[in-house]
Amino acid sequence: MPADVILAKLRQLFDDKSNKLDGYMVTSFDQHHNEYIATHDRRLEYLTGFSGSAGTAIVTANEAVLWVDGRYHIQASNELRSPFVLMKTGKAGVLSESDWLVQNVRKGSVIGACGKYVSAISWLSMVEKLDSFKIRLQDVKNDLVDIIWAERPSRPCSELRPHPINYSGKAVCDKVRNVREEMIKKNVDMLVLSELDDIAWLLNLRGSDIPYNPVFFSFMIIRLNHIDIFVESLCEPATRQLFEENIMLCDHEYETFYDTLYEMASNSRNEKIWISDKANYKIYRSIPRRKVFMELTPVSMLKCMKNDVEASGMIEAHVYDGYALCKFFCWLEKMLKNKKLVTEISASKALEDFKKRNTDYLGPSFSTISATGPHSAIVHYIVDEESDRPLSTDEVYLCDSGSHYPCGTTDVTRTFHFGSPSHIQKMCYTRVFKGQVSLSTTVFPVGTKGSSLDTLARQHLWKDGLDYDHGTGHGVGAYLNVHESPVSISRRRSQDIALMKNMFVSNEPGFYSDGSFGIRLENVEHVVPASVKSGAEKAFLTFETVTLCPYQTLMLVPDMLTNLDLCYLNSYSLRVRKILCPVFKSEGDMETLKWVMKMTEPLVP
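In the working numbering, each number is its position in the sequence shown, counted from 1, plus 4.
The hints are simulated quantities; they were obtained by calculation from the structure and are not laboratory data. It is possible that part of the hints are untrue.
Quick list of simulated restraints, FRET-style, between CB atoms [said to hold, decoys possible]: (1) F137 - L607: 58 to 64 Å; (2) A12 - I386: 27 to 33 Å; (3) P160 - I386: 19 to 25 Å; (4) K602 - I188: 54 to 60 Å; (5) S129 - Y266: 22 to 28 Å; (6) D357 - F137: 44 to 50 Å; (7) E320 - M504: 18 to 24 Å; (8) N250 - E389: 51 to 57 Å; (9) G519 - K360: 32 to 38 Å.
Using N, Cα and C, we set each Cβ at its ideal position, and we do this for glycine too.
Could you put together the complete structure from these sequences and hints?
Below is the structure:
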């Protein structure tokens with residue numbers, strides 16, 4: 005349906021009998037604040053055409069505007085439907101959503117939004133800004149986009165799968181006990197869980213309701229002597245596992261969550277109710293304000309600090325992934341050198357085929373970014389039949405991929421040039437590499453937050469006046485979400501937490517020349533204790549890289565490398581050799597073996 009027709013239908017609802025609105029706001033989130041969402045929840049894409057994972061649209065009687073951050077400036081420019089106007093957050097002079105409303109609607113205006121799809125923190129922040137200008141943000145009962153969305157897909161309801169303890173490393177009863185201990189410390193009567201990966205981790209269950217994320221639609225309410233779960237269906241394997249662990253759940257229909265929460269929260273015995281700092285506004289509104297305790301939940305913290313079994317599994321998963329990636333890049337180089345046709349789509353499919361040879365492979369952890377030439381400058385490029393471009397020896401090729409295995413989740417990016425890269429491409433690659441090395445080799449005291457380390461990855465680009473408009477690192481789940489909050493390495497300080505032992509975080513600096521080429525290098529790092537001089541007053545941490553995929557030394561400018569850079573590169577290359585080459589040799593795969601040996605030759609200054 006054309007955007008102008010959709011907008012006309014949406015605007016008609018501004019004046020129906022249940023709403024008297026002057027505008028309407030639509031976000032990219034579902035009610036669980038998921039980054040990746042089911043097609044059932046892709047309201048923003050239906051309205052605007054923009055398919056990225058983060059954005060906000062505001063529609064008034066005469067205006068239609070979309071805000072996206074730096075990750076999506078190029079993508080939104082390509083996808084956004086007319087008559088929407090694009091606001092590139094972070095660019096000079098670009099107003100925030102609240103500031104735009106202040107300047108573009110009259111006093112006394114009412115802007116509608118569905119509180120289920122806006123975080124409570126964002127909602128309250130907007131209200132604080134708008135109230136002073138006599139503009140009201142109104143929570144509508146039924147989302148207006150849902151009302152006009154013809155043939156909207158149904159909400160998925162996948163069968164739940166037990167996640168065995170040989171992979172999870174900890175029984176559900178022990179996890180629940182740890183959570184309740186934290187509740188007692190905070191003097192909390194109830195804990196409300198709305199983030200799907202928190203619930204999947206806590207119950208040692210996995211699903212497939214969200215593309216690429218092994219989670220299932222659900223809510224949970226944990227009390228000190230009782231647990232309520234709101235889910236469409238608990239299948240027999242899941243209930244059996246929970247019964248065997250003596251976990252007694254009261255099972256409710258998913259749709260009854262908000263009414264049940266309201267009833268429980270109104271009970272005078274429940275005086276302090278813990279909700280996530282990512283909880284939606286309707287959750288916040290269902291609880292008497294004096295009872296709300298909003299903070300990062302104990303489940304989120306326990307989940308991101310992997311136990312030893314999970315940590316070992318994450319390391320193993322990256323061995324599996326490194327094996328497939330080396331076979332793929334060896335094949336790809338051979339194809340291009342022999343002038344065989346390979347496109348962005350066929351390359352992505354070939355990588356998937358190599359991964360599927362491992363019977364433990366469960367699928368991608370996100371949609372593979374297979375991008376050549378100017379497409380590599382689009383941070384979250386998604387290829388389709390129309391945009392599909394042949395790879396060549398004259399352009400860079402950026403491949404950002406990830407995998408799920410029962411033991412863990414991966415995320416890795418490599419950028420290659422299978423011909424003769426230009427000097428500027430090599431300089432940019434080298435500066436990105438140096439940033440990755442600076443971050444990977446740093447030693448920092450316990451208690452250091454990710455935002456304090458972000459500049460390490462950017463500093464070498466900054467020296468040339470260059471930068472990138474995305475975070476440097478995100479947490480990675482253990483057979484869970486590839487983007488696992490709250491761990492991050494970013495300039496943004498919101499939800500910033502200290503890095504701790506056994507966290508896994510990506511390290512992915514980049515550079516993007518719009519319309520020309522992009523460079524990104526991404527490894528997953530394991531936070532481990534650092535060896536420091538005895539007698540140090542503080543404990544220190546550092547990173548160990550678990551990703552196993554060679555760099556392309558052809559893309560490096562040796563004169564720009566320090567002894568630290570060379571030591572890291574050669575040590576890393578030797579590790580890739582030692583772990584992966586025996587596997588290729590045992591299989592008789594001499595072609596991939598020779599390729600790895602060539603790619604990991606020591607670089608001599």
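Cross-check of the supplied hints:
The beta-carbon spacing between F137 and L607, approximately 59 Å, falls within the hinted interval of 58 to 64 Å. Remark: the range hint 27 to 33 Å for A12 to I386 is upheld by a beta-carbon distance near 29 Å. Separated by about 20 Å at the C-beta atoms, P160 and I386 satisfy the suggested range of 19 to 25 Å. For K602 and I188, the hinted distance range of 54 to 60 Å is satisfied, since their beta carbons lie about 58 Å from each other.
Evaluation of the 22 to 28 Å hint for S129 and Y266 yields a pass: the beta carbon distance comes to about 24 Å. In this structure the hint that D357 and F137 lie 44 to 50 Å apart at CB is violated, the actual value being about 57 Å. Judged by the Cβ atoms, the range 18 to 24 Å given for E320 and M504 holds: they are separated by roughly 21 Å. In this structure, N250 and E389 meet the distance hint of 51 to 57 Å, their C-beta atoms being roughly 52 Å apart.
At about 35 Å, the beta-carbon gap between G519 and K360 stays in the expected band of 32 to 38 Å.
When each numbered hint is compared with the structure, a violation occurs for hint 6 only.
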